[in-house]
Amino acid sequence: MTIEVKNLVKKFGSFRALDGVDLKVNDGELLALLGPSGSGKTTLLRIIAGLDWPDTGEVGFNGEDALAQGARERHVGFVFQHYALFRHMTVFENVAFGLRVQPRAVRKDEATIRARVKELLDLVQLDWLSDRYPSQLSGGQRQRIALARALAIEPRILLLDEPFGALDAKVRKELRRWLRSLHHEINVTSIFVTHDQEEALEVANRVVVMDKGRIEQIGSPDDVYETPATAFVHGFIGESIELPVQVEGGVIMLGDRSLNLAADGLVPGASKLFVRRHDMLVGPSGSGAFEGAVRHVRNFGPVQRAEVALSGGETIEIDAPRDRELRAGDTIGLNPRRYRIFAGA
Amino acid sequence: MTMQIAEPVSLSPPDARARAHAAAARDSLRTEPPAVRVVIIALAVLFLSVFVVLPLVLVFAQAFSKGVLAYLAALAEAEALSAIRLTLLVAAISVGLNLVFGLVAAWAIAKFEFPGKTFLITLIDLPFSVSPVISGLVFVLLFGAQGYFGGWLRDHDIQILFAVPGIALATTFVTFPFVARALIPLMQEQGTQEEEAAVSLGASGLQTFFRVTLPNIKWGVLYGVLLCNARAMGEFGAVSVVSGHIRGETNTMPLLVEILYNEYQFVAAFAIASLLAMLALITLIAKTVLEHHLDEGQDVNDH
Chain H
1 MTIEVKNLVK KFGSFRALDG VDLKVNDGEL LALLGPSGSG KTTLLRIIAG
51 LDWPDTGEVG FNGEDALAQG ARERHVGFVF QHYALFRHMT VFENVAFGLR
101 VQPRAVRKDE ATIRARVKEL LDLVQLDWLS DRYPSQLSGG QRQRIALARA
151 LAIEPRILLL DEPFGALDAK VRKELRRWLR SLHHEINVTS IFVTHDQEEA
201 LEVANRVVVM DKGRIEQIGS PDDVYETPAT AFVHGFIGES IELPVQVEGG
251 VIMLGDRSLN LAADGLVPGA SKLFVRRHDM LVGPSGSGAF EGAVRHVRNF
301 GPVQRAEVAL SGGETIEIDA PRDRELRAGD TIGLNPRRYR IFAGA
Chain R
1 MTMQIAEPVS LSPPDARARA HAAAARDSLR TEPPAVRVVI IALAVLFLSV
51 FVVLPLVLVF AQAFSKGVLA YLAALAEAEA LSAIRLTLLV AAISVGLNLV
101 FGLVAAWAIA KFEFPGKTFL ITLIDLPFSV SPVISGLVFV LLFGAQGYFG
151 GWLRDHDIQI LFAVPGIALA TTFVTFPFVA RALIPLMQEQ GTQEEEAAVS
201 LGASGLQTFF RVTLPNIKWG VLYGVLLCNA RAMGEFGAVS VVSGHIRGET
251 NTMPLLVEIL YNEYQFVAAF AIASLLAMLA LITLIAKTVL EHHLDEGQDV
301 NDH
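Sequence lines, in order, name chains H and R.
With this note's numbering applied, the first sequence closes on residue 345, and no number is skipped along the way.
With this note's numbering applied, the second sequence closes on residue 303, and no number is skipped along the way.
Looking at chain H on its own, in the form it has when it is part of the complex:
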């Protein structure tokens, strides 16, 4: 099932939750909608599911107009952020719900429903919990039951809203891997919403980065990380150092110092320089594009994170390998291995 979204606009009062969104999702894809809160990603997901309606724009499933159908007719599996399991039903009945509410003409008999629910609970590896109530489950278990429930209706599309948002870090990592392999197994076109870049980059085939109701970039996880299309994407994905610079006559100026960096093909004017924290190479004083004094150093496993006050007064954080220990008070030279410059203040 492919999904085509065209020029979608949705306002809540004067707030533009979606401000002209175009998106095409390929059959069998696992797509991540990534963005900060308020970027419109959940609104987009809910509109695709039929739980919200756009002010203008189109949503098509395999070319047919999805907006002509209600949520009930769309056959979309939706996994809610807080699971929304039916609290008065057992796990088994939760998963069976979608099968039991089918119109009598197409409803399966009880034995078939039982077999199907059993199969789904096996799929999410929780068949031993079938008689429990949602309140007796852990967060990760609830999440998997919510997924099994959504899969029971054999959805044409699977939508997940912040699927791991409410889980602790360890469970989250396990479930990520599990979701990816599950998607590989069932191969349903899936979209999940997240504000966690690591999650998006690790799980998805393609990532859609959103901000303020607009799509900033669509690309593979490598694309959005290695070649961010906009300043927002660079700042949002990966940990970046952001410095306001001025491009003048083929030279990049930080304050009143000219940086020894190539400025070929850059638009003159106020710009932003982005460098990944780990792309800032440490050398002896006087050797790099930047000069700075180390303020603090903290160790994170294989890297040391240093707060460095640049000679112009800006403070940045860099991640350096621990082969050369930095100490507070050291004066160092810094040279960006890779950097990007985006025009605009």
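No wet-lab data here; the hints were simulated from the structure.
Some hints here could point you the wrong way.
Said to hold, decoys possible - In silico DSS-like cross-links for lysine-lysine, where the CA-CA straight-line distance does not exceed 30 angstroms:
id : chain 1 : residue 1 : chain 2 : residue 2
1  : H       : Lys212    : R       : Lys218
2  : H       : Lys11     : R       : Lys117
3  : H       : Lys170    : H       : Lys118
4  : R       : Lys117    : H       : Lys108
5  : R       : Lys111    : R       : Lys287
6  : H       : Lys212    : H       : Lys173
7  : H       : Lys11     : R       : Lys218
What the hints assert, rightly or not - Here are some of the chain R residues that sit facing chain H, going by a computed Cβ distance under 7 angstroms:
id : residue
8  : Ala44
9  : Ser200
10 : Leu201
11 : Gly202
In this text, a Cβ means the ideal position worked out from N, Cα and C, and glycines have one as well.
Position chain R against the provided structure of chain H, taking the given hints into account.
Just chain R now, kept in the frame of chain H:
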């Protein structure tokens, strides 16, 4: 005073929860010396004894003052039986109506956003803030011989005032907030996600309501119905205005208690009053049980 006994203090479920939290906090804050504690507890017990337990005991003492036979005979009087029947009928009608209205109002308020919502919430509380006598008078103004619809009703030979419809209307009005009030906070807390989940799984509106919404609020509904029923059976002021006090026809139990009392038929008056007092006790016990269930239900998605 005896007439007021059947009117329970209204406590909404959030209050119940707040009390539980207060109980937990109290342990850590208990710094008063034992003597002060004893005095305070003694005062509370004394107050409760004088103002609650004593009157209750007196009701039963008076009712049985001439023996069990006199008590039973008083209840078997035609007038008493008719009052009991009327009270049950009126309570059934007003609880039934308020169950439907309350569910609809709570559903609309908790699950949808619309202009005028705050106004509607305020309006629901109106019967609580108006004196029951005024509530009764409103119906006299509407349906009385000199009222807005009085002439039309007389022409079509429809009796509302001084008859069962009037009493049922007044009681329904006075007891309207109970079900809605019990359900609004509960439904607001539960939100709309489970309903959305049901719809996205292919459930129709009715299936969603009966399979998801209603089971989630059933204890709240019972709680509202219980309080609504207690108030409906005990209502005096509004009913007194619209009933016309026709003996054996339009007297409810609280009205009959007053009439018998004024006629110095103490055993009969207190016999009926004892029934209302028993209703109050049963209501209290049922309320405690329901609050327990409500508390349990609210914990479900907390962890």
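Now the hints, each set against the structure:
no., hint, in the structure
1, H/Lys212 / R/Lys218, "41 angstroms, violated"
2, H/Lys11 / R/Lys117, "21 angstroms, holds"
3, H/Lys170 / H/Lys118, "27 angstroms, holds"
4, R/Lys117 / H/Lys108, "42 angstroms, violated"
5, R/Lys111 / R/Lys287, "26 angstroms, holds"
6, H/Lys212 / H/Lys173, "28 angstroms, holds"
7, H/Lys11 / R/Lys218, "36 angstroms, violated"
8, Ala44, "36 angstroms, violated"
9, Ser200, "4 angstroms, holds"
10, Leu201, "4 angstroms, holds"
11, Gly202, "6 angstroms, holds"
Hint violations for this structure: numbers 1, 4, 7, 8, all remaining hints satisfied.
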